[in-house]
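Number of protein chains: 6
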Amino acid sequence: MLARLLRPKTTVSAHCDLPCGVYDPAQARIEAESIKAIIEKYQSNDDPVFRARALIIKEERSQLVKHHLWVLWTDYFKPPHFEKYPQLHQLFNEATKLAGAGGTKGTLDVAKADELLAKIDEIAKIFWETKNA
Amino acid sequence: MLARLLRPKTTVSAHCDLPCGVYDPAQARIEAESIKAIIEKYQSNDDPVFRARALIIKEERSQLVKHHLWVLWTDYFKPPHFEKYPQLHQLFNEATKLAGAGGTKGTLDVAKADELLAKIDEIAKIFWETKNA
Amino acid sequence: MLARLLRPKTTVSAHCDLPCGVYDPAQARIEAESIKAIIEKYQSNDDPVFRARALIIKEERSQLVKHHLWVLWTDYFKPPHFEKYPQLHQLFNEATKLAGAGGTKGTLDVAKADELLAKIDEIAKIFWETKNA
Amino acid sequence: MLARLLRPKTTVSAHCDLPCGVYDPAQARIEAESIKAIIEKYQSNDDPVFRARALIIKEERSQLVKHHLWVLWTDYFKPPHFEKYPQLHQLFNEATKLAGAGGTKGTLDVAKADELLAKIDEIAKIFWETKNA
Amino acid sequence: MLARLLRPKTTVSAHCDLPCGVYDPAQARIEAESIKAIIEKYQSNDDPVFRARALIIKEERSQLVKHHLWVLWTDYFKPPHFEKYPQLHQLFNEATKLAGAGGTKGTLDVAKADELLAKIDEIAKIFWETKNA
Amino acid sequence: MLARLLRPKTTVSAHCDLPCGVYDPAQARIEAESIKAIIEKYQSNDDPVFRARALIIKEERSQLVKHHLWVLWTDYFKPPHFEKYPQLHQLFNEATKLAGAGGTKGTLDVAKADELLAKIDEIAKIFWETKNA
Numbered sequence: 077m078l079a080r081l082l083r084p085k086t087t088v089s090a091h092c093d094l095p096c097g098v099y100d101p102a103q104a105r106i107e108a109e110s111i112k113a114i115i116e117k118y119q120s121n122d123d124p125v126f127r128a129r130a131l132i133i134k135e136e137r138s139q140l141v142k143h144h145l146w147v148l149w150t151d152y153f154k155p156p157h158f159e160k161y162p163q164l165h166q167l168f169n170e171a172t173k174l175a176g177a178g179g180t181k182g183t184l185d186v187a188k189a190d191e192l193l194a195k196i197d198e199i200a201k202i203f204w205e206t207k208n209a
Numbered sequence: 077m078l079a080r081l082l083r084p085k086t087t088v089s090a091h092c093d094l095p096c097g098v099y100d101p102a103q104a105r106i107e108a109e110s111i112k113a114i115i116e117k118y119q120s121n122d123d124p125v126f127r128a129r130a131l132i133i134k135e136e137r138s139q140l141v142k143h144h145l146w147v148l149w150t151d152y153f154k155p156p157h158f159e160k161y162p163q164l165h166q167l168f169n170e171a172t173k174l175a176g177a178g179g180t181k182g183t184l185d186v187a188k189a190d191e192l193l194a195k196i197d198e199i200a201k202i203f204w205e206t207k208n209a
Numbered sequence: 077m078l079a080r081l082l083r084p085k086t087t088v089s090a091h092c093d094l095p096c097g098v099y100d101p102a103q104a105r106i107e108a109e110s111i112k113a114i115i116e117k118y119q120s121n122d123d124p125v126f127r128a129r130a131l132i133i134k135e136e137r138s139q140l141v142k143h144h145l146w147v148l149w150t151d152y153f154k155p156p157h158f159e160k161y162p163q164l165h166q167l168f169n170e171a172t173k174l175a176g177a178g179g180t181k182g183t184l185d186v187a188k189a190d191e192l193l194a195k196i197d198e199i200a201k202i203f204w205e206t207k208n209a
Numbered sequence: 077m078l079a080r081l082l083r084p085k086t087t088v089s090a091h092c093d094l095p096c097g098v099y100d101p102a103q104a105r106i107e108a109e110s111i112k113a114i115i116e117k118y119q120s121n122d123d124p125v126f127r128a129r130a131l132i133i134k135e136e137r138s139q140l141v142k143h144h145l146w147v148l149w150t151d152y153f154k155p156p157h158f159e160k161y162p163q164l165h166q167l168f169n170e171a172t173k174l175a176g177a178g179g180t181k182g183t184l185d186v187a188k189a190d191e192l193l194a195k196i197d198e199i200a201k202i203f204w205e206t207k208n209a
Numbered sequence: 077m078l079a080r081l082l083r084p085k086t087t088v089s090a091h092c093d094l095p096c097g098v099y100d101p102a103q104a105r106i107e108a109e110s111i112k113a114i115i116e117k118y119q120s121n122d123d124p125v126f127r128a129r130a131l132i133i134k135e136e137r138s139q140l141v142k143h144h145l146w147v148l149w150t151d152y153f154k155p156p157h158f159e160k161y162p163q164l165h166q167l168f169n170e171a172t173k174l175a176g177a178g179g180t181k182g183t184l185d186v187a188k189a190d191e192l193l194a195k196i197d198e199i200a201k202i203f204w205e206t207k208n209a
Numbered sequence: 077m078l079a080r081l082l083r084p085k086t087t088v089s090a091h092c093d094l095p096c097g098v099y100d101p102a103q104a105r106i107e108a109e110s111i112k113a114i115i116e117k118y119q120s121n122d123d124p125v126f127r128a129r130a131l132i133i134k135e136e137r138s139q140l141v142k143h144h145l146w147v148l149w150t151d152y153f154k155p156p157h158f159e160k161y162p163q164l165h166q167l168f169n170e171a172t173k174l175a176g177a178g179g180t181k182g183t184l185d186v187a188k189a190d191e192l193l194a195k196i197d198e199i200a201k202i203f204w205e206t207k208n209a
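Note that the protein sequences, when read in sequence, are chains A, W, X, C, P and E. Its first residue numbered 77, the first sequence is counted upward by one per residue in our numbering. Its first residue numbered 77, the second sequence is counted upward by one per residue in our numbering. Its first residue numbered 77, the third sequence is counted upward by one per residue in our numbering. Its first residue numbered 77, the fourth sequence is counted upward by one per residue in our numbering. Its first residue numbered 77, the fifth sequence is counted upward by one per residue in our numbering. Its first residue numbered 77, the sixth sequence is counted upward by one per residue in our numbering.
Identical copies go unnamed one by one, so any copy, or any two together, can satisfy a pair.
With a straight-line cut-off of 20 Å between C-alpha atoms, the simulated SDA-like cross-links for lysine to any residue are:
no., residue 1, residue 2
1, Lys207, Tyr161
2, Lys154, Gln139
3, Lys207, Gly97
4, Lys112, Ala200
5, Lys160, Lys207
6, Lys173, Glu159
7, Lys188, Asp123
8, Lys173, Pro162
9, Lys173, Phe126
10, Lys188, Asp151
11, Lys154, Gly178
12, Lys154, His143
13, Lys173, Val125
14, Lys154, His165
15, Lys188, Gln139
16, Lys160, Lys173
17, Lys160, Glu170
18, Lys160, Glu198
19, Lys154, Glu191
20, Lys112, Gly97
21, Lys201, Asp190
22, Lys188, Glu198
If you're looking for bench data, these hints aren't it; they were derived computationally from the structure. Note that the structure is predicted; figures quoted are calculated from it, not measured.
Based on the sequences and whatever the hints tell you, model everything.
Take a look at the structure:
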């Protein structure tokens with residue numbers, strides 16, 4: 077029951093550069109969850125065709141994580157946020173790097189996907205603090 | 077406090093056609109929320125350049141709603157679901173039409189965006205029932 | 077009669093969501109023909125680089141088939157069509173699934189591409205009946 | 077003879093750069109038909125929102141015409157074709173220009189869409205001659 | 077003569093996330109130059125169709141500027157660079173904002189395009205210093 | 077010092093179909109440089125995952141080369157240019173083919189990337205002659 081209440085239905089929000097004013101770190105997290113699942117499936121399936129497909133799709137999904145994070149960093153966060161959370165720039169830089177060649181694009185290590193998810197959660201925590209402020 | 081618990085952080089999930097097994101109607105809803113906000117901003121701002129930009133972006137966001145719903149309909153839902161929920165096909169067809177020319181692409185009526193959101197919520201309800209089954 | 081046979085060439089038509097009113101199942105079929113050819117070439121060429129490229133491209137082409145079919149289902153077909161052809165929803169759902177992970181994306185079986193082509197032809201038959209009605 | 081008339085429907089074909097060996101000028105023609113219909117609808121509807129949407133979509137469709145023609149020119153046609161049909165280069169250059177700023181992108185003149193269609197038909201005629209050779 | 081030597085021919089370089097190791101701020105600058113030209117043409121042409129097209133294209137080009145800058149910030153620059161140039165994070169954040177709603181997307185002021193170009197040049201200066209280090 | 081002056085900073089220029097009037101062969105060359113670097117990295121790294129990623133990315137980058145060249149051929153060059161440089165059509169056709177299945181898409185031979193780069197330089201030479209004329 078509580079699980080059902082925890083569903084994203086009521087707070088989802090996004091991001092276009094009108095701007096519509098709607099943003100949500102969930103977009104990046106959804107893709108990162110997908111990446112983690114892809115890596116797990118890759119590790120437990122040694123069919124070469126399946127694995128090639130997993131690599132193709134993981135590449136795309138990692139790019140989407142980067143894109144959604146970049147949008148938050150440039151479009152949602154404003155100078156006062158960066159003043160209040162001086163670690164934000166580095167946090168975003170590290171998170172997007174974790175979805176790149178040195179991160180989930182280049183590896184098949186599920187720990188790397190977990191690092192990426194943790195970093196997105198750090199960003200999400202700050203995001204919701206500023207949103208609810 | 078409860079509000080913070082309701083955040084999407086823990087259940088977000090998605091959708092690639094590996095398949096990764098991760099899906100979430102939140103992706104469609106996020107874009108639909110964005111469309112609603114765009115329409116509201118359009119209605120309260122008569123600058124022609126702003127309005128032209130709103131139309132351009134609303135077109136893209138509506139297309140994204142359609143895409144995310146199509147993915148759920150084809151990739152997530154399976155024959156047993158369609159048997160259990162015989163209204164599903166029509167529901168998806170109506171929802172995607174509501175993001176098209178006869179819906180949020182073609183109009184600037186906020187009620188149309190609300191209809192789309194309600195339809196997505198109907199789909200989400202069924203989605204979570206099948207997910208938790 | 078002959079006029080109908082001559083049809084495709086002169087009336088080729090499509091699909092944008094203005095809507096322009098121009099639609100044609102040929103768009104999906106063209107991509108499905110391409111998929112079949114890719115699978116055949118993959119089967120008769122064991123160079124690993126060629127095969128990797130075939131997998132990358134087959135993934136894209138399968139996605140295009142899904143896209144073109146989704147557009148027909150949502151944008152071209154209207155409630156009266158679904159009443160007259162109650163099998164349409166399932167037909168489209170099966171056809172798009174045949175271009176997905178359980179279909180031409182996930183396999184290298186030319187029979188799967190043939191199934192997809194046959195399903196598209198069933199849709200095309202209904203499409204032209206409604207178009208000429 | 078009749079066989080040739082029946083051609084498009086059964087052999088529709090395309091174009092990926094594996095190459096799959098499947099090409100068809102119908103892809104460009106479908107988009108050009110769409111452009112013509114968009115212009116006609118624009119001319120008979122003076123609602124500014126509809127017209128803005130028509131311009132957005134016409135821009136995309138014109139780009140697709142260019143893309144499909146470029147693919148034929150680079151990927152399908154080979155040196156012997158260009159020797160046999162020395163006008164081919166200019167034909168493609170003119171056709172793609174007709175879908176650009178000086179053509180269907182920049183104007184709302186239905187005659188321009190007709191010129192584009194005629195040019196695509198010239199290309200298609202040569203295409204089918206080489207295909208059947 | 078010197079002008080010809082100054083051409084980009086020999087040093088252009090780029091950026092994919094293999095990574096290929098090839099990056100170049102010229103990619104962002106090219107799009108920003110395009111934006112400036114679009115704004116100038118918009119200001120000197122009051123045809124509403126031309127202006128609508130200018131807005132559509134300016135939106136795309138501004139997005140490309142953001143994309144190329146994000147790639148440099150995440151993929152090219154490494155921790156030692158951020159230590160040596162502590163202003164880099166803010167510089168990139170401001171530059172990408174200048175290509176967004178509060179910058180070249182939202183305005184038709186040529187001064188805004190000049191600000192964006194100047195910011196890209198600041199980034200380029202640092203880029204080449206690190207590249208030649 | 078001279079090396080720094082030779083940087084592309086001052087002359088980069090581009091290309092949209094407004095048209096903005098800004099074009100630059102550097103865009104194609106940047107992607108071709110990237111392709112060459114990808115091939116070199118592929119040849120010196122036999123990790124199968126790295127190699128699969130290299131193939132995926134090389135496919136995209138080759139497509140971008142084709143796109144940038146097509147834009148120059150259709151949008152920048154005008155009839156008087158084709159009269160003055162009768163080899164231009166063939167040059168572009170060969171260059172785009174060199175980025176296709178018979179060129180950098182289909183091979184991992186660094187000599188093919190060099191041929192592509194040389195062909196782009198021939199085009200660039202003519203481009204700048206017409207630009208400075």
